[in-house]
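Student: Position chain B against the provided structure of chain A, taking the given hints into account.
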Amino acid sequence: SQQGEEDPQALSIQEGENATMNCSYKTSINNLQWYRQNSGRGLVHLILIRSNEREKHSGRLRVTLDTSKKSSSLLITASRAADTASYFCATDAVAGNKLVFGAGTILRVKS
Amino acid sequence: EAQVTQNPRYLITVTGKKLTVTCSQNMNHEYMSWYRQDPGLGLRQIYYSMNVEVTDKGDVPEGYKVSRKEKRNFPLILESPSPNQTSLYFCASSTSGWYTMNTEAFFGQGTRLTVV
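From first to last, the protein sequence lines are chains A and B. 1 is the number of the first residue of the first sequence in the numbering used here; add one for each residue after it. 1 is the number of the first residue of the second sequence in the numbering used here; add one for each residue after it.
Calculated from the structure, these hints are not laboratory results. Among these hints, one or two may not hold up.
[To be verified] Think about it this way: if two alpha-carbon atoms lie no more than 30 Å apart in a straight line, the pair counts; the simulated DSBU-like pairs of lysine-lysine are: (1) Lys57(B) to Lys70(A); (2) Lys70(A) to Lys56(A); (3) Lys18(B) to Lys26(A).
Bound-form chain A, shown alone (with noise of 0.2 Å):
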């Protein structure tokens, strides 16, 4: 099964306002990586933060941390028309040799 469940399954907004995705696993990890797709191109990883930190921030997108919820936000600020892709979270799960995805969040924003 599939250690990382992201919600909502979908998302839409206005440019300008800000997007909270969210990110639970099952497992105790070592990283949690947040990647964003394009329609039908390749992931491009955005931030990785390790298991003990708790909060992790890159440009307009603010990372945060629960491991005793097992679970991660991802928030992009002020959101573009251009940030409108799909969001994935992805864990390494303690003694793992891979990264374990969730199924996506999809985002559209609106201009």
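Tutor: Positioned in the frame of chain A, the structure of chain B alone reads:
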């Protein structure tokens, strides 16, 4: 430019006709992996390789083979494709070490395979 290159980008084939999807990276990464992406299921790992001549099964390896004879290349082989292997395939590479994926993965642009 750092990149992962997959070929072909699109492929339509018939059931049972052997095919190979190539993957090459120019970043000297040890770790390479293949995923398939299906609607509602996210990305699922097919096979991965920790280094040359070191490969192992992922979550959905049935019907696939891989080889890692050179560090830069990691081809995916479908010996006898079936319609349930119709999917979008991605190759990825990273510098991650053993037992932890602690660096970003670089993905190819994908190969859309249709098996009729």
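Student: Next, verify each hint and record whether it holds.
Tutor: Hints, one by one, checked against the model:
Note on lysine 57(B) and lysine 70(A): the hinted pairing holds, with a Cα-Cα distance of about 26 Å set against a maximum of 30 Å. With a C-alpha separation of about 16 Å, the suggested pairing of lysine 70(A) with lysine 56(A) holds against the 30 Å cut-off. Our distance criterion of 30 Å between C-alpha atoms is broken by lysine 18(B) and lysine 26(A), whose separation comes to about 37 Å.
Violated hint for the displayed structure: number 3, the only one.
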